[in-house]
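> Residue-level listing of the chains:
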Amino acid sequence: MSFFEFVSVYWPRLLTGTGITVAQFFLSAIFAVLLSLAFGLMKMSSNRAVKGFAVTYIEIFRGTSLLVQLYWIFFVLPLFGVTLEKFTAGYVAIAMNTGAYGAELVRGGILAVPKGQWEAATAINMSPAKRMWRIILPQALVNMLPPWGNLMIEVLKGTALVSLISVADLMFQAKQINASTYLSAQIFGTALIIYYILARFMLTPFMRWLEAFMSRKLGKA
Amino acid sequence: MFDWLFTDDWFPKFDWRWDFAWEILPRLLEATLNTLIAAAAGYLIALVVGLFLALAQRTNYRTVTFAVREFVEFVRSTPLLLQIFFIFYVGPQFGVTLSPWVSGMIAIGLHYSCYLSEVYRGGIESVPKGQWEAATALNMSTLQTYKRVVIPQAIPPAIAGLGNYLVGIFKDTPMLSVIGVAELIHTANAIGSETWRYLEAYTMVGIIFLVLSLPAAGLIRAFEGFVRRKLGM
Amino acid sequence: MEDMSAFPLEITGEDVPMVSFRKVRKAYGSLVVLDNLDLDVAAGEMVTIIGPSGSGKTTVLRMLMTLEQINGGVIYVDGQPLTHMSKGGTLVPANQRHLRKRRADIGMCFQHFNLFPHMTALENCMEGPVQVLGLPKAEARARSEELLELVGMIDKKDQHPSRLSGGQQQRVAIARALAMRPKVMLFDEVTSALDPEVIGEVTNVIRKLVSEHNLTMLMVTHQMGFARDISDRVCFFYDGKIEEQGKPADLFGNPKRERTQQFLSAVKEAV
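Which chain is which? The protein sequence lines are S, R and V, in order.
In terms of the working numbering, the first sequence opens at residue 1288 and continues consecutively.
In terms of the working numbering, the second sequence opens at residue 5 and continues consecutively.
In terms of the working numbering, the third sequence opens at residue 6 and continues consecutively.
Since the hints were derived computationally from the structure, they do not count as laboratory data.
Everything numeric in this text was worked out from a predicted model, so none of it was measured.
None of the hints are false.
If the Cβ cut is set under 8 Å, some of the chain R residues that face chain V in the computed set are:
1. Gly134
2. Ala138
3. Thr140
4. Ala141
5. Val153
6. Pro156
7. Gln157
Here are a few chain S residues that face chain R, going by a calculated C-beta distance under 7 Å:
8. Gly1350
9. Val1363
10. Met1458
11. Ala1478
Even glycine gets a Cβ: it sits at the ideal position worked out from N, Cα and C.
Between the sequences and the hints, there should be enough to build the whole structure, so can you do that?
Next comes the structure, spelled out in structure tokens:
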């Protein structure tokens, strides 16, 4: 079977798989950003309970594997009465894992904002919340966007793991097609290329654009 | 989905059985050893191959530099899980059958060599231009310059990155379970399917990972300090 | 393509200059840094290059150390082409092997010292002799210790650069360069990065070299007093060309060109 024939037979399954992968990516990314912001700010809290909670979350999710977290959420949480549907369990695990890494990026980005900016905001009598939202976070965002680009690639790659709890993403479809055809080079090769296109020609350019856009917005470029 | 919070019989649902945990502990410890071996072997491959990938990107041959650069980008932007499948299944298609361990080590070693090549590159680029010029002024060859001047100085700033990826490779070894490498998750899966009990095995696997990777950050920092002192920097 | 027939395969005869720049040109893209530079330095001569920043004076030393490629002309060292090699009766650009052979005649000290931070002072000095010249360790050590003695750094020989002051680091750097026994020594603004109070310890070492050793030296400096004291000849660079050159007493005492006068009076005012 030529490669062309191969693609013409299997493209619908690859396409739906890619759709699921993209959906998993977007849901994971959105929740990861929210979790990162929340836990990054909580880790900087002066309240020890809040800070302790954030540190515990971050250390647990950075100290164990995404796959272990995924299995735990999917197989063990039901024993506690929390049953997540596999599709949900997938992006929840990825988001929680990524959120732990992202929280450190948020914290680092905020700490990199010069002390003078905090002082200037205080000097015009801004409330702490307003100071964070209006003055510090926008600058922190520009600081941390480049590493977020890498983290987003990790999110995309992480979505492949949801195939292991039978979410029918691109990876899952590739495995299924391989099991029925044994055309391993064709199917896994095609899947690799699709992931590469998503990462290199869609995600990375978007993050670059976002970086440029944000710096322009802040008058840095 | 939070109904269980409002019933009064939620506690038994934890249903943690110490005797069962105790019973499966030896199997999990053995699997831990396998996990550590897999991580160490993969890391060794990555350390060596990564250095070559980094140096290859510094040659004057544009085609080599370009090809290696693209290869690194490709490997870094595609899932390790898929790469593991690719290497495990594509071999037999062309008559080369690799054992799960061998293909697993190749996949994980190659994947991380691309990350490590970036760490090496960063380390090499952190060596000031003046050091290269001083080596030229002493009439050193390129090889001598790398060996005696650049690499020793590139290592300390690279240690943090190298260490983080050692922890990273350790945490990625569970993916090898999909091709049957008997590491922690593979063993936990097996226990789960034999006994229909998932709570203890998966939780213990999580704790083992946590216990082994939490001290790593401190150890890496200490090691970096040690190397810097040793080099007098 | 440049016509290389205008350049001899080697310089022979009496009084062969130790260093000879012949019609040397250096440009970065469209920016010409040095144009048609002709400069001969006799064996044992101390030539100082002064001039405003951006006049190309540091580039002269860096080209001679082969840290920068030249875009035209030829540089000869001790009569032999440095930047080129003869092939089939004509000069072609030098390859790495030729450069390594010819570079052995030249040593250089940098503005920022560029000592190897992971080696002690002594190890810095021994590195070249052992690794490049292939001397036995004992011999390299004896030679290095002798030179560290000369620059007054023998009691700090086991210290790493991070433990040394700028002046001390620069003196070690001088010893390191001398340990290779070069015929030509280049000093590129060696006091510019130093605190004022330690400049003297470095200039004194260079004075000692001038009076006691028969080295050919080229120096770029901003210290006019030092240049005047020590040089056999001073070259004033302006805009990529030698605007004026002569004995220090003449150039500093009685500059002929207007630009030289302007530069010297501007420098005087700054002091």
